[in-house]
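If you read the protein sequences in the order shown, they are chains B and U. If you read the first sequence in the numbering used here, its first letter stands for residue 1, the second for the next number, and so on. If you read the second sequence in the numbering used here, its first letter stands for residue 1, the second for the next number, and so on.
Hint data in this document are derived by calculation from the structure and do not stem from the laboratory. Every residue, glycine too, gets a C-beta built ideally from N, C-alpha and C. Wrong hints could be hidden among the right ones.
Stated by the list, open to error - To spell it out: a stretch of chain U is covered by chain B in this simulated footprint if at least three of its residues, at any positions, have a beta carbon under 8 angstroms from a beta carbon of chain B; those stretches are: (1) 47-54; (2) 63-73; (3) 118-128; (4) 232-238; (5) 251-258.
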Amino acid sequence: MKPFLDIRNVTKSFGSLTAVDDISLQVYPGEIFALLGPNGAGKTTLIGCISGLIERFNGSITVDGFDVRRDYPVVRQLIGLVPQELNFDGFFKTRHVLEYQGGFFGNRKYRQRSNELLKAFTLSDKAEANSRWLSGGMKRRLMICKALTHRPALLFLDEPTAGVDVELRDELWAYVRQLREAGTTIVLTTHYLEEAEELADRIGVINHGKLVLLERRDDLLNTYGERWLDVRLDKPARVEWFEGIGCTRIEVRGDNHFRFSFQDSTLAELNENSVPAKLFRILHEQALTPLRIDGGRSRLEDIFRKVVGQDNPSESEGST
Amino acid sequence: MSLQMDKPGVEPVYPELKPEWVESARQHISEVRSRGQAESGLWGTWTLFKKEMHRFLSIAGQTVVSPVLTTMLWYLVFGYSLGDRLDEINGIPYTDFLVPGLVMMAIITNAFLNSAFSFFIGKVHGTVVDLMVSPLRPWQIAMAYTSASVVRAVAVGSVIWAVAAAMGAGTTFHVGWTLLFMILTSFAFALLGLATGILAKDFDHINFIPNFLLLPLTFLGGVFYSIRLLPSPWDSISLFNPIIYMVNGLRYGMTGVSDVPILPGVAISAGSVLAGLILVLWLLSSGRGLKP
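Bound conformation, chain U alone (with noise of 0.2 angstroms):
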């Protein structure tokens, strides 16, 4: 090799590196340094938040309007063509027994969906890169893409929730539990769809979590019925779904009845955050899935 270093602090004989470009990269150095020391990245945290409701808002016929049209059909389906001939489930009527799972369902697939596919798209067109270049820790990532499937998956629920209610359904028993249940079973799918998003290698990957996991557990977790109904076992195995909670805690939200206590489902439902983030945070941590 061809430096030569003399002395410490000494300026390598090297006669194409002027001393000019070499005082010029230090002060350029030292201001980068000192601006990165300072910055917390919860700008970037933010950024990254609005680049998400940017890009399902920029396709919000996909992501909003198209699964509550969706949702609508199940309810004027099944809430209105068959629930006249239904009697009372729990002493409510069956129209306003089926949107809270309407609502619950819709919010569990949107959160997933948005955070998988989000996150997969991005590998697959090569701009995950761009993030993990970047210097957003990874609860900062974590928080920005969660947030974002949280705000659309409430969005799609409450638009569900309004609709029906404008329809007759009486649906407005407490809106704190309401929300709680949507806020805290949003952030819980969010999370789990980050992590197949991280993992996943390709669409069948995302495809799966949904179409073999979420739909059967969703289907069996009380959204169109009430365990109570069912014979034994599977009334007590059906409480080994963690989705009976959160759509029972929901339903007593809107409607005052629940097939199940409410605060075990609080704390099924806080708990099912605070797995998904821990598995989140140790993915983008260690790099699994993303980082040879």
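In isolation and in its complexed conformation, chain B is listed as follows (with noise of 0.2 angstroms):
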């Protein structure tokens, strides 16, 4: 299948830092794609050669076949962006802003396309404040809106979560799948792990301007993620009788307190041969009772870790 969006050999370097090393990356129609990555890895840089945020990059990028440089305006209206950065225009009303967005982009039922918007993220309300006086999170709806006035085919979300609450998060995932079914292909960047394994299905590690990893959501969870579960028993318990449920790790943190690390899993393969499955059929076997029990996942640190460890094992020390 021919990629939608097509990155060749891409570098970009201020002064002497190189920003993006040598990326070569395909996005295929349909897809939600995450690029995952520490502040400063490259990840909104790459966005920007795509988007035209960039001018003067080395490599290659098309999307749908057109230059990004050279076919920019037939490629701007395939493309929408929401920057990180909240920006807001504190000249006009929040309807004025998503029109006059959606005019640049020839769009001349601007108000019926304002209007499907400002329903879609709940800002009609909104419609006649000045967009200054909007919340944080009603600013990043805004963001959002405008990036979608003319209905874009692909879409890049750079940290679309940041700082919302995680009622608005949950409400943009829901929008983000949403704009999937309706034929949008998706590129977002996050520094959240929960966020990449949500949406994606495909995720892409940049460290350091590199393209350190690339793989679908669940090889990637499956090889690098790791859940624990920390138990605190009535009674001491002795780790040999916990050996064998398929934990990567068992720490002894006293007597009758354990924690178990294990591999991560997709839901679709959860079942009783999993990690806790076993772990309890052995606590109820020796009658022992959880008095408290604490849960956790490795981070997307702690997966970078992992992956950037395996280029270079000095940067790998700490990781769980």
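Using the hints, build the complex out of the two chains.
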């Protein structure tokens, strides 16, 4: 299948700093693709090269076969960008911000489209308010609306849920899924593994400007992801009882306090052979009662350290 | 990478990616591509022009009323308080001589500041990103910004002109020449303002041009006096100031008198527009000051 977004050997330097270092990457129609990486990894720079915010770079980028620099009028109709930085135009009402943005793309039915978006993002009651006075969450929604005014086929969401509350985050995730079902291909950058896991089909990990990993989401989680259960029991237990349940590591934190770490898995793979299922069977057999259970999972940083550690072992120290 | 591409045209083996999503995406891409290829950008240019008009009219107190009031104060102080004590200049009363100079000063300032501040504020607030990711071509962005600035500058200049005429100034010699010089000068300084807004990195850069370049050139450009009154060699040196030609072109249109020939004034004004246009198009095309 022909890639929709085709990035070939793109390098972008700022003075002596190479922000994007020889990245090649393809995104296919209908995908949700997540770019993960820490601050300064080069995610936003790469998106800038694609969307027209950065002009001078080496390599080539095409969208639907159109060169992003040479054929920019068509490419920019195809793509929409929700930048990481919140911006607002304090001269205009929320409605006008959307109507003007749609007009830049030639949308003659800008009022109808603005009303649709205001309604979809529950901003209708703020349509006549000056955009300056919107809350942070509302401004974030308005930014997404602006990127959608021209119904782009490829939407870039640069850290879409940075600084938003859980309710809005869930709304955004639901809308992203709807957009994909309606035919929009999506590329998102995020710090949050949870976000990538919830939404993405494939995940690319960027570090120091290099694409260090490109995997299907499930492969990434299975290979690098880890969960843990921290269990305090009503009486002492022996660590040998739990060997063989599939943990990657068992930490003995006290006679009756253990931390069980095990490889992550997708929801589809869950069954009675999962590590938690086996663990609770043993607790039952040994007549042990859990008094307190804490749980968690590896953070992006943990996975990131593992991935980077493969290339540079000294950087993997301290990883779980 | 886990994508398996067996043969061209065959869907990748990629269980999470449902065929209906791929099909829906392909249809959507096709629709947007057709729309994008057919779009000339003229509607977008008109939209940006409307937005710029909306912006300066939403703060008309600052952008129209205030400059008119300020200029009328200049007119009252210099024209009425001092004008009666001055002889005629070039055969016309000083109050009549003063009006085109003041109108030109207002036009230059307003045309420059409208483009410069509007574009620079967009950079400060981050909204310039909305423009940079739009399909508008450099000439379309330049046309929209400068046209709105020209409307503001000509509006301010025209109100001052009309008020002065209502107060008895004889400034309606030739409306055609008057409007021609108003429009050419507005375009030239709107383009200079846009170039400054594109390149500026802080507000000091925006203020530098009007304070340290435009103000001296305007004051030395025959706004308040005739260069024929200057001693040698200052009268000859003044001829190197392009604003002399713009002020005198407008003065000819309003009163029929000028220190310099009119046609070279038209050429210099039009040349300034052309130079400004080339500069702005180069900046927007190359991304200098905007895109790393």
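Cross-check of the supplied hints:
no.: 1; hint: 47-54; verdict: holds (count 5)
no.: 2; hint: 63-73; verdict: violated (count 0)
no.: 3; hint: 118-128; verdict: holds (count 4)
no.: 4; hint: 232-238; verdict: violated (count 0)
no.: 5; hint: 251-258; verdict: violated (count 0)
Comparing the model with each numbered hint stated earlier shows that hints 2, 4 and 5 do not hold.
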